[in-house]
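Add chain B to chain A, keeping to what the hints say.
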Amino acid sequence: SQQGEEDPQALSIQEGENATMNCSYKTSINNLQWYRQNSGRGLVHLILIRSNEREKHSGRLRVTLDTSKKSSSLLITASRAADTASYFCATDEGGAQKLVFGQGTRLTINP
Amino acid sequence: GAVVSQHPSWVICKSGTSVKIECRSLDFQATTMFWYRQFPKQSLMLMATSNEGSKATYEQGVEKDKFLINHASLTLSTLTVTSAHPEDSSFYICSASSRVGFNEQFFGPGTRLTVL
Numbered sequence: 001s002q003q004g005e006e007d008p009q010a011l012s013i014q015e016g017e018n019a020t021m022n023c024s025y026k027t028s029i030n031n032l033q034w035y036r037q038n039s040g041r042g043l044v045h046l047i048l049i050r051s052n053e054r055e056k057h058s059g060r061l062r063v064t065l066d067t068s069k070k071s072s073s074l075l076i077t078a079s080r081a082a083d084t085a086s087y088f089c090a091t092d093e094g095g096a097q098k099l100v101f102g103q104g105t106r107l108t109i110n111p
Numbered sequence: 112g113a114v115v116s117q118h119p120s121w122v123i124c125k126s127g128t129s130v131k132i133e134c135r136s137l138d139f140q141a142t143t144m145f146w147y148r149q150f151p152k153q154s155l156m157l158m159a160t161s162n163e164g165s166k167a168t169y170e171q172g173v174e175k176d177k178f179l180i181n182h183a184s185l186t187l188s189t190l191t192v193t194s195a196h197p198e199d200s201s202f203y204i205c206s207a208s209s210r211v212g213f214n215e216q217f218f219g220p221g222t223r224l225t226v227l
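Sequences listed follow chains A and B, in order.
Quick note on our numbering: the first sequence kicks off at 1 and runs consecutively.
Quick note on our numbering: the second sequence kicks off at 112 and runs consecutively.
Chain A with its partners taken away, still in its complex shape (with noise of 0.2 angstroms):
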């Protein structure tokens, strides 16, 4: 499978600050999630965008998908120390049930 680009590959911020993470995918898409990964564990489903949609909210999270551009943000507000982890985005580009990671962002949360 190809792997989308995620940028910052990293990412370090005071605590209170917005996040910004980017995602660019290949090739058309139904639908593209967000999932959060503390490290060395398992993955949290974050939020879920449909190709139909621009723009999703969910508490602090706010997600834009760009289809034009292949692209998409994930906009994390008013950071603190327990949003430390990686964040991955992924898709269907795989197919029906594939899901196509990008190489996802280390975000740190400096108190």
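Hints are computed from structural coordinates only; laboratory data are not their basis.
Glycine included, every Cβ here is placed at the ideal spot set by N, Cα and C.
Take the hints with a grain of salt, since some may be wrong.
What the hints assert, rightly or not - Below, a list of computed lysine-lysine pairs in the DSS-like style, where the Cα atoms sit at most 30 angstroms apart: (1) B/K131 x A/K98; (2) B/K152 x A/K70; (3) B/K166 x A/K98; (4) A/K56 x A/K26; (5) B/K177 x B/K131; (6) A/K70 x A/K26; (7) A/K26 x B/K152; (8) B/K175 x A/K98; (9) B/K177 x B/K166; (10) B/K175 x B/K131; (11) A/K69 x B/K152.
Stated by the list, open to error - Far from chain A, some chain B residues (derived; all Cβ distances over 12 angstroms): (12) F139; (13) N162; (14) E170; (15) T191.
Leaving out everything else, chain B in the frame of chain A:
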């Protein structure tokens, strides 16, 4: 709901031995299960997709004779790493889906395999 467990959570074995990892869906029936491998500081790479009662479909470059997958029931899939070598050391994560043709997946906590 939608809880997936993996066992063991970590395992250390000697080179040449085989290791079995279990993936269970605890509160739903998983028509499809997926196995991923993740190397340190890297993303998840899909290894194979398995449907209950049928042979697994392996991704390009994944040796099916080395990574044996058995999806014997709607709640259990197993991955056996045969004749493990140090390069097989990795974090193995399974996921399960209850809806055919839809890519909502629920992930297990992962299994850390270290081959000495």
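Worksheet item: Checked against the structure, which of the hints given earlier come out wrong?
Response: Going through the list in order, the structure violates hints 13 and 14 and respects the others.
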